[in-house]
Structure formats: structure tokens, C-alpha cells
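Given chain A, put chain B with the ligands in place with the hints provided.
Chains as they are written, first to last, in our numbering: chain A, 6 to 470; chain B, 236 to 867.
In case anyone wonders, no lab produced these hints; they're calculated from the structure.
A hint or two may mislead.
[Said to hold, decoys possible] Examples of chain A residues toward chain B, derived with CB under 10 Å: (1) K10; (2) N168; (3) V185; (4) P188; (5) P431; (6) D433; (7) E444.
[Stated by the list, open to error] Calculated Cβ distances over 12 Å to all of chain A for the following chain B residues: (8) E764; (9) I790; (10) D813.
[Claimed, not checked] No more than 30 Å apart at the CA atoms, straight line, and that leaves these computed lysine-lysine pairs for DSSO-like: (11) K729/B <-> K747/B; (12) K805/B <-> K662/B; (13) K124/A <-> K818/B; (14) K753/B <-> K413/A; (15) K791/B <-> K205/A; (16) K429/B <-> K832/B.
Each residue gets a CB set at the ideal place from its N, CA and C atoms; glycine is no exception.
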Amino acid sequence: MISSKDTIAAISTAQGTGGIGIIRISGKNAVGTADGIFHGKTSVKDMDSHTIQYGKIKDTKTGEIIDEVMLTKMSAPATYTREDVIEINCHGNILIQRRILSLIYENGARPAEPGEFTKRAFLNGRIDLTQAEAVMDLINSKTEKSREAAVLQLSGKISGYINNIIEKLLNIMARIEVTVDYPEHDDEADTAVIAETELKEIYSDLSSAIESYDTGRLLKTGIQTTIVGKPNSGKSTLLNELAGYDRAIVTDIPGTTRDIVEENINIDGILLNLKDTAGIRRSEDVVEQIGIKLAMENIKTSDLVIYVISLSEEDPVDIHILEEIKDKKAIIFLNKEDLAKDGEADNIKEILKGYSLGENIKIVVSSLKREKGAEEIKKAIKDMFFSGNLSQNDQLIITAERHVNLIKQSQNAISDGIDSLLGGMPLDMLSVDIRNAAEYLGEIVGMSISENLIDKIFSSFCIGK
Amino acid sequence: MGFIAGEYDICVVGAGHAGCEAALAAARLGMSTVVFAINLDSIANMPCNPNIGGTAKGQLVREIDALGGEMGKAADKNTIQSKILNASKGPAVYSLRAQIDRRRYQMTMKHTLEMQENLDVKQAEIVKLLYTENDGIKSIRGVVTHTGTEYRCKAVILTTGTYLKGKIIIGDTAFSSGPDGIFPADRLSDCLEKMGIKLLRLKTGTPARINSRSIDFSKMQIQYGDDNITPFSFENQSLETEQVVCWLTRTTEKTHNIIKENIHRSPLYGGLIEGIGPRYCPSIEDKIVRFADKESHQLFIEPMGRDTEEMYIQGFSTSLPEDVQADMIHSVPGLENARVMRSAYAIEYDAIDSTQLKLSLEFKNIDNLFSAGQINGSSGYEEAAGQGIIAGINAALKLMGKEPLIIDRSQGYIGVLIDDLVTKGTKEPYRMMTSRAEYRLLLRQDNADMRLTEIGHSVGLISEERYKKFLIKKQQIEDEIDRVCKKNISPDEKTMNLLEKYKSTPIKSGVKLSELIKRPELSYEILEEIDPERPQLSSAVKEQVNICVKYEGYIKRQEAQVEQFKKLEKRALSKNIDYSEIKGLCLEARQKLNAMKPESLGQASRISGVSPADISVLLIYLNGKGREQNGF
Ligand SMILES: Nc1nc2c(ncn2[C@@H]2O[C@H](COP(=O)(O)OP(=O)(O)OP(=O)(O)O)[C@@H](O)[C@H]2O)c(=O)[nH]1
Ligand SMILES: [Mg+2]
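Bound conformation, chain A alone (with noise of 0.2 Å):
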């Protein structure tokens, strides 16, 4: 069994990014571990809480000088884990880090088990469920804006949400059963009418809560983004201009990219996934076909294409490729504008209307060689996809599936609840349904409800013998 009395240790910055490492050890036994390897003015056991210091790992058979570290000694409870805590920043060569971590294993700590420093912040009360999913989030966010929807939920934003909309289930459940406990009480004439449109506010609002999961799941994973469109027409520029570099290869021969070029490219924060993939027309080349074959597919499990038309050909538009990208969030790229008769670009939107395209669907002239289009694009991705206030901190964005998944059960709870209420059943019936709501959401941030209910209906409502 894994006790939590042992003492752990990880290296805790991700691998392969920075110049410095973080290896962390917390337990009963952090100092004395610490000392087993480190040599600086003091001892770390002398050392005061919250202090650093600079001093060398050595490893004591052999004498040999592994690194020169910061120490940072944290003493319990004021840490993270409400244990005692050591961290030892180094170099950030990850074969240097792992000489310390073995080091440190010898010495009496032993391999962290994956978040097992967050479990223990969580068993020793140092924060609650979802502040501990939050963290793991933290430490796997890629984007600086999925940190920050991590770090909201860390400071009990969700909590504060969810912990609101519970609030009022219990409000409308405690009008329920006075009408129920209190037959004599004589105000209780709409408690159904107020009952249906409080369902249906809660419903709505939990749909949006639900709806923000995609965008929340898109910050953590990144825009599945392709990009589509004529050879030649200019879609590696794009991936190119978008990465900061020449990741693609870009020719005036039609027909140059062949296969799917991938990049990561953050955009304010943003994470894309973007692909830039074979031009598509009518071939005979066989792997040009499978090339084309492949951008088609990849239209359909993409959150975002780009169809890229270039300006300067003659019919520029392909109905296959609009037929796919309908329904679909999409950007068209009108490239090329410098080369372009006059008012062709209007012209051009002029015929996409016909095609009576989504909403989701928006327009974006350029002209990739006078370094016009790529602000416009990323301007125009953002607002698709947060509406452009991702940055004012007040949007709520889940993130964890089990959150998305119990938000889910409890609107399912709600829907219930005005179906039986529409159906004719007996509002005191809702009360099952009501409390299937409240206590899915209560797993969320982990309360139980019944006494809050109590409380609630004695504090609002008069009653008497």
C-alpha cells in the first residue's frame, strides 16, 4: 500500500523545457533526505523556514560534485502538500536532474506516484477537489491561456459557480417543501410557476457552462485547425507566416505540398494544431490523390479550417470544399488581393453569399506577400473561439471532464424535473429531481446538501404550528 507517511520526491518542471530544474521532496523525512546530499553553509536542518541557499550536491561514495544548487527549505504546514517540504533548483539538463533524484531516492524518499504531492495537499486539507484538478491542470497546461483558465479554477472560481447554482436549487426546494410541511401556510400560490422559470434559468445556464467545456478542452488541447484549399493558392505561406518560420515548403509550382505538414503555433496563448495539407484538385498522381483524400477527412474531425482562395485565378471557388465546411467553423482566406483585378474580392463574397454558408463562418482578405491577412486571421480565430474576452477575467471555463460529465447528469436532473412539472405530476415529486441536481453538482466541489436545505427553509420562509 502506498502510505502517506513516506517521504516523496519528483522532479517537478516539465522535462526538456527551460534552463533550470525543480526537484521537489515532501514529507516527514524532506530535511533529513536533504542533508544526505546537500552541502552549503548549513545544514538544512538549521536552516529557517522559508529561506534559500546556495550550496552543491555531492554524492557521498564516490565525492564526486554533481551540481551547484539553490535550496529552498519549506517547513509544515505552511506548504503546499502541509508537509515538509524541500526544493532544489538545478541545472536544467534532465540527465543532471535525474543523478540528484537517484541520489535522493538512496537517501530514504522514494518515487512520487503521478500527483501524489497534489493528493496529499488534498488529504491534508490544503485545498478541495477541484482546486486539486485545477492543479493538475497547471501542471499540464501548454498555453499560457490554458494556465489561465487553470488558474481560475484554482482560486474556486468553478467552486463559486457551481456552489451559486446549487444555492439556488436549495431555494427552490425549500419553497417546495414548505408548501408541503405547511399545508396552512397560505403563501404558496405560484411556487410551480416560480419553480418552472427558475428550472429553465438554471438549464440555460448550465448550458453555457457546458458549451464552455469545448473551449476549455480547446485550451487544453489546442484548435484542431486545417487548412484546405487550391494548389498553389497559398496555404504553406499561411502555416509559415502563422509558425514564424519556414516550416513548410513553398514553391509556385502547384501541387508542392503533398502530405500533411503539422505545427503547434500559439497564438496569444491560444494553442492551434495546425495542418497544411496537399493542395486540392482533380490528379492523377496517385500520391497526390491520397494527399487530397487525407485533407478531405481531415476536414471533419477539425475544429477550424482555413479554406484558402487565391484572388489571382480565374473560378477560384471549389463547391466541394464549401459543401464539406459548411456546418463547420471555418475561416475562407481570400489570398493573393495584390494580384487580384480590382473588386474582385468583393466580387468573390459576393458569390460565397449565394452559398449561404453558417455563421460560424467568417471572411479574411489578403495578401500574404505585402504582409496583409496573418493579424486579421489570428484576430479573427480568437473571437470565434472566446469571443474575444478571453483575457477579462469573469468568463468561466470548464476544463476537467468530470466536471463537464456531472454538469451534464444535473441538467438531465433539471430537464426531468420540468418535464414532470409540464407533465402534471405533483410539485412535491420535483424534489427528487431537484435534489439529483444539487447533489450531482455538490460532487463537483464535494459538499453535502441536506442540512444546507434545512437551514434554508427555516431562514426564508415564516411558518408556524
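Below, chain B with the ligands alone, put in the same frame as chain A:
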């Protein structure tokens, strides 16, 4: 040493609603039992409202009856008006409530005690408990009366109601007294404290009684009972009696002004009352202070019996001085000239901290000492009786060396009541409410027999004859539900006419009869016309079939909730766990768990101060223990 007057298995201290049920249950289970009352004319008294049942309380009475208790039968015999409350709502909250002839109810119950085999009824105040102490464990030996007489016994059940150090307060006067002018029991509390029992001070109150001849009923609204009386007891198929009427009136602006002007004379605000009163049955002055924007409150005028003119003013409980009371009463429409017979009063009394009890209602630290009723911090006759029967049964089972009977929260309101008292404790008199029962859709008054007769029978309080009848009823219900779920109804003319008559959507093809029963505008009864093969069934069976089919969806949802609940309930926690050693529990949880020693993880989860995070820690701990024991 005093005179030893007798030896019994079980002594019951107090013959109120809890004491009567406890004594009868113990005696019926073959224990030689004695029940003491300070005044035998106060047995099963109703010093407050003259009714039994009501929301959640009606359910309790039926549960007591299903277990083999007496309250329902005694109430049926003395009902003078009966009503199903919440009849327009769902079946889970239908609640039976009856006006009772208070004096005749007392006589019925007293006579039942007198006639009971194995049971002695004695007038005496118990002032001391006798016990031995070995290795810090106390065991009950007997009781001592106010005259110094001793009775030896193996177990004691405390059912002292509001008598312990009872103090009545009316305005600025206070005097020591039990309810309704009966002597208080002033000495037993000290003995209990000496035994290490923690006491608290609670308060409750009752409104004035007035002479009906001085009331102008023309200014009030008349309130009739139901045409068909539903009896409390499952042994009674029907009940015929001439019903009395009640009356409805309201407080006025003048009433509220009188109270506001005199509020400083209330003992509550003057500090004379230290006991904590119940939130749900606040005195009228409480209501007016706390809900200042409400212009008027309902008042019900209810007769106390057939042979008396005394009327009870429900909703008008107060502890203001008598002169203010008179002014208040006279400000109410119809009561302008009302003559008061008994003044309203508040009563303060000693109760025990109920977290000292096990779920069996035995004290955790004192062997064979049980307690039930208002002494445990509850309020209400029905709550008292519900605990009484359980304490009586468990005292008897304990002496027989058997496991205690514990009704859990999914089996009955009795279970909810006891679990709440024992697990959470209470700082104010605890009243049962349907909202306290998380599985109330399953805990209906109509199916109390389905839930508990089996248990009552296996304990030994339900006769073979009654049990056989119960089994037949159960079978009939199952068979009939089965039949309506299979029976096809085709869209013929007769069916279409019936559907049209009830504004129900026409059917296009054949449907099952059960599907039609589920429609809100239809019912099992209504559909009889198009269901010619229907067998002859009692109305109780028909009701069950209708409810079980109609609300099947909800019943299933609730059953799923119960299944979740049972998972934690099944995880037993040993008395020997030292919670201060479990890492990860918050400090408060450690202290509470060590003090309470809950019997299961489920019970632990309901202790206030124990958070769900603490429960996950306990789960991790229990799982770890399991592995250790299996050699991992
Ligand atoms: N004048 C002009 N030329 C451009 C513009 N954008 C891209 N080009 C040129 O167009 C040619 C084709 O560009 P690519 O990016 O290779 O086109 P592609 O769509 O990837 O083509 P395939 O991979 O063959 O399908 C290159 O010579 C680019 O330099 C633009 O806005 N104006
Ligand atoms: Mg290309």
C-alpha cells in the same frame, strides 16, 4: 437502604406518548415491565394541541402502527375530526391529521396499559437510578421513587417528556411545574448528571384555551373534516364517527401592535428564558419580530373534545403576560369577547444531549439505560411515540441477548428521526418534517405497512393473524401491478369515449393499461370502465396499485438514490478506531468522530463538522486496512 417493592426486567420512567409505547412494546415482548407516572391521570396527556398526525407526523403514526404500536389505534378510537393534508399534492406528502378527544384518548391509553399482560402501572416520581460500575462501565440496577421505595430492574427507559426541572413562564412570572399544572420532576436530572450524562435546557410553549360559548363563530371560516375518514391503524378498514368542525380566523394589525408595544415584557427578551425554543413553532411574538412584513397570521380554533367547551387557538402560542394575552386574543375577529380558561405559557425543561445515544436509543456509556421522546430533544407526540416503541423493543431485545432493531433512513421516518437525533444532536426541540426525509417518495403513509409489518412481525409485535392478512394484501398488489402492465387496451369506441371524457389524448394503437394509469388526468380507478377483467380488490390495494404504477419513474429514481446511500451505510466503522491517528482528517472531524464513534461510514458522513473530504479520507483508510489484513 429503602424498601424494595418489586423486581422487573424493565422500568419505564414516564407515561407520556413515548413511555406508553415503550412499556407496551416491552411487556408485549414478554418482559416484566413497570411504567411510572407522577400522576396516573396524566397518562398519554396532550398538553399542547389536541390532534395527532399532520405532515410527516401522520407518517410516523402509521409506521408505529405497522410495527405493532398503539398510538394509531387509540387515535382512531377517539377521532372527532379527520383530514388528509396535502391531498392536492403527490402521494408522498399526503398526511393524515385527526382532531382527538384529548380526555378520552388518555382514558383509552390508560386502560390499554392496565389491561396489558406483564405490565404494572404505578403512580410515583422517580428521583434516582441505581447502577453498578465495573471498569468504568455503568450498568442499570433499579430505580428509587420520591418516597424512597426501590424497584430492582435490568433496564430503564427514560421517557420524562418535559417534566425534568420543568419551569413554566408566563410573562414576568415563573414557577416550577410540569405541563398542564402537574408536578415537575425536580430531582432526577441531578442523578443523571452525576452519572456523567450531559444535559441541555429546552423550551416549548402552548397557546391559550378559551370557552367556545364566548366565541363569535360568524366572523370565522368553518373547517370541515373529510367525508371519508382514513383510519391511522392498518387494522381498521374504515372509521365511522360524527365529526366536529374547526374554525379559521386571523391576527389583525391591532394584534401585531399590541405585541410590538409589549414585546419588552416577553421573558424571551428579558432573559428569563434560557432554554432554546423550536424555530418551526415560534411563539406569535417571535413570528411578528422575525417576519415583520407579514400583515397577518392564520389562527385555527379547535375543540379539545366532545365533552368540553374548551377550544385551542392554534398558532397563538406566547409567553407574554396574561393581561397582554387577553388584549391580543380580543383583537382577533370572533374573539372580541372570548373568555380565557387556561393561559398560554412557555415551559422549560431538561433534556439529554442525544448524541450520547446509540442508534438503538441505548446510552453509549451506560449499559441498559435507554431514553426516548422529548427528553431526547424531540418535539411532538408522534415523534415521542416513534422513539418510545423503538426503545421498548430494543430494551427487550437487549435483555434477550439479541441484536437491536435499527430502522434506517430509507425504511422509515422513525429511522430519519432517530438518526438525526443521535447523529447530529439538536439544540432546539426537533420536529419531524417530510423535507428531513431524503427518500420520502418511498416513505409514504400509504405504504408504511409494506415497509414495516415484516419487521414488526419478526420482532414479535405483529400477530400471526395480522401478518397473514398483510401477506395476502402484498400478493394482491403485486399480482395486480403485474396484470395492468401486461393488459392491452385497444382504441375501441368505449376507450375513446372515456379518454375524451377526461380530456386525455386519444390513443392510435393498442397500449398497456399501465401506460394510461400513468397519465396525470387518469387513474387506476377511472380506468375501471374499460378494464372488465379487473378482480375485486380493497381500496387500500387499489391505492397501492395506482401509486406504484403512476409514479413508477420517480419511485425508481428514488430507489437509485437509496442504493447509493446504502453503500456508505454498509461500511461499518469499529468502535476501536482511534480517529486522531488517521492522517488527513481535519482536526474537527477527528474530535467529532472520536466523541461520536459512528456505527457506519454513512452515519459518519452525517455528523456536522465531518466533510465529504474527511469521508474520502476514511474510505482510503478503510480500503488500506482491508489490504493490510489481506497481507498486502
Ligand atoms: N503575389 C502573391 N503571391 C503569393 C501570396 N501568397 C503566396 N504567394 C505565392 O504563391 C505561391 C504558392 O504558395 P504556396 O504557399 O506554396 O501554395 P500552396 O497552397 O501551399 O500550394 P500547394 O502546396 O502546391 O498546394 C508561392 O510562390 C508563394 O510565394 C500573395 O498573397 N501574393
Ligand atoms: Mg503547400
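Going through the earlier hints one by one, which of them does the structure break, listed in rising order?
-> Violated hints (numbers, rising): 2 and 9; every other hint is consistent with the structure.
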